[in-house]
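2 protein chains.
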Amino acid sequence: MEIIALPHEMQRWAEAARQRGETIAFVPTMGFLHEGHLTLMREGRKRATLLASSLFVNPTQFGPNEDFSRYPRDFERDCALMREVPVDVLFAPEPDVIYPKGFQTWVEVTEMTKGLCGAHRPGHFRGVTTVVAKLFNIVKPHIALFGEKDYQQLRTIERMVQDLNFPIEIVPVATVREPDGLAMSSRNAYLTPDQRQQALALHGSLRAAEAAFKSGVRDPQQLVSVASAWLQKTPEVQLEYIETADAKTLEQVTHIDRPVVLAIAARVGSTRLIDNLVLVP
Amino acid sequence: MEIIALPHEMQRWAEAARQRGETIAFVPTMGFLHEGHLTLMREGRKRATLLASSLFVNPTQFGPNEDFSRYPRDFERDCALMREVPVDVLFAPEPDVIYPKGFQTWVEVTEMTKGLCGAHRPGHFRGVTTVVAKLFNIVKPHIALFGEKDYQQLRTIERMVQDLNFPIEIVPVATVREPDGLAMSSRNAYLTPDQRQQALALHGSLRAAEAAFKSGVRDPQQLVSVASAWLQKTPEVQLEYIETADAKTLEQVTHIDRPVVLAIAARVGSTRLIDNLVLVP
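Chains as they are written, first to last, in the numbering used here: chain S, 24 to 304; chain E, 24 to 304.
Keep in mind that the hints are not guaranteed to be accurate.
Treat identical chains as interchangeable: a pair holds within one or across any two.
[Unchecked claim] Only pairs whose alpha carbons sit at most 30 Å apart, straight line, appear in this in silico DSSO-like list of lysine-lysine:
| # | residue 1 | residue 2 |
| --- | --- | --- |
| 1 | K137 | K172 |
| 2 | K271 | K137 |
| 3 | K237 | K137 |
| 4 | K271 | K124 |
| 5 | K237 | K124 |
| 6 | K172 | K124 |
| 7 | K124 | K137 |
| 8 | K271 | K163 |
| 9 | K69 | K256 |
| 10 | K124 | K163 |
| 11 | K69 | K163 |
| 12 | K256 | K124 |
| 13 | K69 | K137 |
| 14 | K256 | K172 |
| 15 | K124 | K69 |
| 16 | K237 | K163 |
| 17 | K69 | K237 |
Simulated from the structure, these hints should not be mistaken for lab results.
Hey, can you work out the whole structure from these sequences and the hints?
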């Protein structure tokens with residue numbers, strides 16, 4: 024696996040590969056890899072002749088009171104896991120190369136980032152879309168893979184790609200879960216054994232609402248009530264939101280007559296976790 | 024000259040050219056071509072094996088009270104002029120292809136668009152950077168040429184390219200002027216013969232300030248006073264601003280110890296005109 028730290032060297036690598044007729048699949052990451060990342064990478068491996076990844080804990084997508092400085096990092100382990108996939112090239116830049124002095128250009132998807140996590144993490148999605156636009160210009164992939172666990176991020180990036188005409192296909196990949204249902208996340212590493220158990224309430228509440236949906240409930244508020252009631256059985260989990268939204272546009276829905284996402288964000292101790300399910304009528 | 028209206032067809036053209044090892048120079052325009060545009064195109068012709076241009080009167084860079092609907096248009100004449108250069112491919116899309124229903128992604132350069140024209144045309148540069156980012160992703164050029172007449176636009180696009188890592192070289196080209204000094208602009212077509220004569224006061228005021236600069240004046244306020252005094256000799260010309268700014272960052276300067284741009288915007292009748300000079304100590 025080649026490791027590249029400078030944007031122009033990564034661009035040269037990508038351009039040379041394209042000239043040879045190779046196709047590039049790309050999985051951007053913030054590192055501390057888990058089976059979710061590896062699933063994205065294996066899927067990318069299948070869909071292109073070359074697999075690129077990036078490892079960059081992006082400061083601009085963290086709020087001032089969020090966990091940027093303590094976000095888990097283990098570069099050597101991440102490299103070892105990528106080599107196993109195998110990843111062909113890893114782009115791993117320093118922050119001051121990505122955001123040099125005088126940096127002042129932002130890419131913003133305005134509407135679909137207003138609700139859900141966007142309402143609770145001001146500036147988060149602007150940081151995400153900006154760094155992903157930069158990575159797309161640096162890695163020049165033909166396809167890029169994103170997990171459905173970060174559902175609003177996935178739809179927002181799809182929208183950005185469409186609106187800005189990036190010649191890149193976005194491939195969504197289903198959330199990878201632990202055997203007991205917990206969605207895999209690098210932030211799960213923060214959890215104590217007790218919190219790890221409590222965190223199951225997120226997926227549990229979604230599944231309770233899904234059961235109601237399958238029994239015929241089409242009122243979003245009623246599904247949210249079912250999910251909330253389930254969550255309250257674990258008082259250690261502090262709800263941030265449970266909401267439904269149009270699965271494609273993320274607009275509010277008042278009656279479920281098309282696919283909707285049921286999304287949840289909650290804190291277990293100081294760890295913020297998210298999860299979601301798509302309900303298809 | 025090939026004329027392409029759809030983004031994915033333009034992308035296919037560009038990708039095929041790149042695969043053959045061609046290099047692409049790109050001159051984006053809003054049409055109603057004049058010698059300024061043609062100079063950009065001839066310079067592009069020299070610097071790459073293929074020359075692409077675009078013709079799109081971009082609605083998002085016009086304010087609600089600006090001249091979008093009456094902006095001069097002459098597609099057949101523009102095509103004839105491009106064929107003479109010759110331009111190899113013209114991308115000429117319809118507005119609803121560039122801004123389809125649900126469009127909501129914006130590229131914004133935040134700091135250097137605050138002053139000068141940015142202070143008087145809210146949203147203008149956001150419209151410019153967004154459409155240029157889109158055109159860069161659609162036309163996929165190796166180099167792109169922009170005139171120094173739109174000085175703030177040029178520096179803003181350079182900043183966007185650097186910040187978002189577009190693998191594109193921006194080539195600035197000097198302002199092309201009429202024999203009497205008037206900067207060429209599609210908007211000069213709005214001027215009556217009297218206004219055409221009055222419009223000379225813009226360049227005249229810049230040259231008056233330049234003379235003071237050459238005689239040793241290094242105080243920006245004093246240069247602005249000289250330019251303003253000159254302009255007042257033509258009372259039909261309504262000043263919007265005369266300002267100096269760092270020639271690279273567009274930050275304010277209090278003493279000229281590095282290159283600065285002296286920029287002017289003024290109305291002649293209802294026609295808004297701009298011009299500038301760079302002063303190098």
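Here is what the structure says about each hint:
{"no.": "1", "hint": "K137 / K172", "in the structure": "within (18 Å within a copy, 38 Å between copies)"}
{"no.": "2", "hint": "K271 / K137", "in the structure": "within (14 Å within a copy, 35 Å between copies)"}
{"no.": "3", "hint": "K237 / K137", "in the structure": "within (29 Å within a copy, 53 Å between copies)"}
{"no.": "4", "hint": "K271 / K124", "in the structure": "between (37 Å within a copy, 14 Å between copies)"}
{"no.": "5", "hint": "K237 / K124", "in the structure": "neither (53 Å within a copy, 33 Å between copies)"}
{"no.": "6", "hint": "K172 / K124", "in the structure": "between (33 Å within a copy, 27 Å between copies)"}
{"no.": "7", "hint": "K124 / K137", "in the structure": "both (29 Å within a copy, 18 Å between copies)"}
{"no.": "8", "hint": "K271 / K163", "in the structure": "both (25 Å within a copy, 28 Å between copies)"}
{"no.": "9", "hint": "K69 / K256", "in the structure": "neither (42 Å within a copy, 72 Å between copies)"}
{"no.": "10", "hint": "K124 / K163", "in the structure": "both (24 Å within a copy, 27 Å between copies)"}
{"no.": "11", "hint": "K69 / K163", "in the structure": "both (18 Å within a copy, 27 Å between copies)"}
{"no.": "12", "hint": "K256 / K124", "in the structure": "neither (49 Å within a copy, 43 Å between copies)"}
{"no.": "13", "hint": "K69 / K137", "in the structure": "neither (35 Å within a copy, 47 Å between copies)"}
{"no.": "14", "hint": "K256 / K172", "in the structure": "within (23 Å within a copy, 66 Å between copies)"}
{"no.": "15", "hint": "K124 / K69", "in the structure": "neither (39 Å within a copy, 34 Å between copies)"}
{"no.": "16", "hint": "K237 / K163", "in the structure": "neither (42 Å within a copy, 48 Å between copies)"}
{"no.": "17", "hint": "K69 / K237", "in the structure": "neither (34 Å within a copy, 65 Å between copies)"}
The structure fails hints 5, 9, 12, 13, 15, 16 and 17 (numbered hints given earlier, in ascending order).
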